[in-house]
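In order, the protein sequence lines correspond to chains R and B.
Using the UniProt record's numbering, the first residue of the first sequence is number 1, and each one after it goes up by one.
Using the UniProt record's numbering, the first residue of the second sequence is number 1, and each one after it goes up by one.
Accuracy of the hints is not assured; some may be wrong.
Some chain B residues flagged as far from chain R (calculated, every beta-carbon gap over 10 Å) [claimed, not checked]:
{"hint": "1", "residue": "His-81"}
{"hint": "2", "residue": "Gly-86"}
{"hint": "3", "residue": "Arg-123"}
{"hint": "4", "residue": "Arg-124"}
{"hint": "5", "residue": "Arg-137"}
If you anchor each label on the Cβ, the simulated ranges turn out as follows [unchecked claim]:
{"hint": "6", "chain 1": "B", "residue 1": "Ile-315", "chain 2": "R", "residue 2": "Leu-22", "range": "44 to 50 Å"}
{"hint": "7", "chain 1": "B", "residue 1": "Asp-201", "chain 2": "R", "residue 2": "Phe-43", "range": "53 to 59 Å"}
{"hint": "8", "chain 1": "R", "residue 1": "Leu-231", "chain 2": "B", "residue 2": "Asn-76", "range": "38 to 44 Å"}
{"hint": "9", "chain 1": "R", "residue 1": "Leu-231", "chain 2": "B", "residue 2": "Gln-141", "range": "30 to 36 Å"}
{"hint": "10", "chain 1": "R", "residue 1": "Tyr-409", "chain 2": "B", "residue 2": "Thr-99", "range": "24 to 30 Å"}
{"hint": "11", "chain 1": "B", "residue 1": "Ile-315", "chain 2": "R", "residue 2": "Ala-38", "range": "58 to 64 Å"}
Covered stretches of chain R, as calculated for chain B (at least 3 residues, CB under 8 Å) [as the list claims (entries may be wrong)]:
{"hint": "12", "segment": "312 to 322"}
{"hint": "13", "segment": "337 to 351"}
It should be emphasised that the hints constitute simulated quantities derived from the structure, not laboratory data.
This structure is a prediction, so every number in the text was calculated from the model and none was measured.
C-beta atoms are modelled at their ideal positions from N, C-alpha and C, and glycine is treated no differently.
Residue-level listing of the chains:
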Amino acid sequence: MSETTHAGPMLAADGTPLKRSLARALRRQKLRALALIAPLLIFVLLTFVTPIVSMLWRSVENAIVPETLPLTVEALKDWDPTRGELPEEAVFAAMVTDLQAAVKAKTHTKLGTRLNYENPGISSLFRSTGRNVGKWDLAADGPFKEKLIEADKGWGDIEVWKTLQRYSGHYTAGYFLNAADLENTAEGIQLRPEEQRIYMTLFIRTMWMSLMITGSCLLLGYPVAWLLANLRASTSNVLMILVLLPFWTSLLVRTSAWKVLLQQQGVINDLLVWVGLVDDANRLVMINNQFGTIIAMTHILLPFMILPLYSVMKTIPPSYLRAAKSLGATNWTAFWRVYFPQSVPGIGAGSILVFILAIGYYITPELVGGTQGVFISNRIAFHISSSLNWGLAAALGTILLSLVLLLYYVYDKIVGIDNVKLG
Amino acid sequence: MTDHGAGDAFVLFERVQKSYDGETLVVKDLNLSIAKGEFLTMLGPSGSGKTTCLMMLAGFETATHGEIRLAGRPINNIPPHKRGIGMVFQNYALFPHMTIAENLAFPLEVRKMGKSEREEKVRRALDMVQMGKFGGRRPAQLSGGQQQRVALARALVFEPELVLMDEPLGALDKQLREHMQFEIKRIADGLGITVVYVTHDQTEALTMSDRVAVFNDGVIQQLAPPDKLYEEPENSFVAQFIGENNTLEGVVKEIRNGVALVELDDGELIDCKPVNVSRPGERTRVSIRPERVEMNKARLQPGAHTLKAEVLEFIYMGDIFRTRLRVAGNDEFVVKTRNAPDQRRMQPGEQIEIGWLPTDCRALDA
């Protein structure tokens, strides 16, 4: 090799830089690989990435106010709400102009619904006014301040104008504040009154119960996984089928089965009463509360703990335990010092899987959770399908997503994601 | 060689049987006594019961019948961790989540030994296998040979009097294996420990052991020092299993004055040393070691027996020549000759005469 080649980039035989030559040679392979994964890539983009991005955007989006009331928003800019007076006539005139356009486009009720989330009552204000303003003549019927207040005295309430001014931007933090039990008042951001705080309680409950479920899955699943990994192949195959059986049964059926078992007139209570352990008048309440949710979800998520544990334990040769015993360790020491540390990657993988599945679970808490056992996802579903407050649902979803990512990060710092093995 | 009677036995198997399924015996009526300080190898093909015997001694399998004694004490009902037997496993079984030093400290820790004493012993054990610098590494960072040394050190660090080794060199390449054989032998002799070594490699067994127990089909076929095992095999299995061996089949004509006259299947008559044939008319396999056959007529010793042979193949192997012959209808008759200046290189198709001493030719069971 000559010395000159060290000066510049490596050259191929024909004088082009080696890197470019290599890239050209590999291009066909790369294109083919890309073509192979393209269907999945497009599918994931459409069904996974797009909804998430849309959800993130929806949680801060507020274009409906400035788009429906462009003149009012402009006129309200100069109004100082701290003086305690209603806005000028010009603002009322702008409002009437905007409302007339909105009524024509039939968007005023939508706006009312949006603002109603922030100040209950505004929805009916917009609907009732919308019936009147259409007939007014902009040039002749002024001044509009008294006329509007006369039409609906809600316009004389300074809080309505404050809300309008606060939510006049294209983007808003309102949904997030709401999701965190906060509100934006004239005095700044504050905690909501105690009886209105629900989401933080729900978030904390969701986390706590998911931890409980993960813990009970681990306690119940570890010995089963150990048996699966250490029994003879024929026996462990039968056991494996029993572990997988729940996967082949409908989730709804299994959850309903728990209802049958756990309810006050259910199988378990009947049995306890019959045996005499429980008095007929004081049957145990085991369903429609947190206990029921934890029991049912532990059962449903158990395979997700057992399978990763099993696949990790399968790779631990039995000779380690034998070696430990030959070195003088009792059964317990051999397990605790030698076997258990090697099964930690499986515990990590199973716990992450179960916890993340649990934290977003919906059907089971909905069916057996009652009021005390529901999760944050049930509230999100409520806002999506019943209250139609999608912005708030999106904000709650975004917080949930961030929480999971944060936990994942903490887990990575403590356990190390390299230590997670699915097999 | 001294006879190891039951009186001074350190390890004693008494009529031990083992069955896994209740239908077939893996170990059939085993009687074996091992003296203190002895290096005993259990040699045999896979499935011959040798590993099962080792596992019963270690306590990982229970004997179906019979008794195993260690230093006079019956150990059938003592759990493995209380037996105080060191063990080296086939795949080393070094704990992957501990460093080398932690691996070695483990047996001392579970014995509640103090920290300073522990460290001193670990250091000495590592130095003994020349791994002193590697205490801080993880097993995965070591080569196979180094892991092997560590496994050995770990089995010895708590100073057991008996160490079991289950094919410990099986995963190493040939050169390293040969080196480790001497290393293990040197350390075992130095410490004066008793070693029970399991292998299916007969060279390993011959190089290292004081005595070798050849297992087949759950039975010890022969228990003898290496030289005796090789030169005086007591049956056909041992003759075939240990070293290279030529077999000629025939029928015993007569046995007189410690010499058996055997008629080979092609009608040739040869003199043999009767080993486990007792009466005329019995079928026999005659065994002759390849290096005891002479192809150079000038070197034949008086009293040697000669036979006609045809050269089928000649292989030059450097230090020796390996010649394959057809002798008395057997196409696999091999002769090994030293690469000496006067040794002729044969050509395939040559008709020659070969010979051997009747004492080197053993008439065994058919």
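Hints, one by one, checked against the model:
no. : hint                                : result
1   : His-81                              : violated, 5 Å
2   : Gly-86                              : violated, 7 Å
3   : Arg-123                             : holds, 18 Å
4   : Arg-124                             : holds, 17 Å
5   : Arg-137                             : holds, 17 Å
6   : B:Ile-315 <-> R:Leu-22: 44 to 50 Å  : holds, 48 Å
7   : B:Asp-201 <-> R:Phe-43: 53 to 59 Å  : holds, 56 Å
8   : R:Leu-231 <-> B:Asn-76: 38 to 44 Å  : violated, 25 Å
9   : R:Leu-231 <-> B:Gln-141: 30 to 36 Å : holds, 34 Å
10  : R:Tyr-409 <-> B:Thr-99: 24 to 30 Å  : holds, 29 Å
11  : B:Ile-315 <-> R:Ala-38: 58 to 64 Å  : holds, 60 Å
12  : 312 to 322                          : holds (count 4)
13  : 337 to 351                          : holds (count 4)
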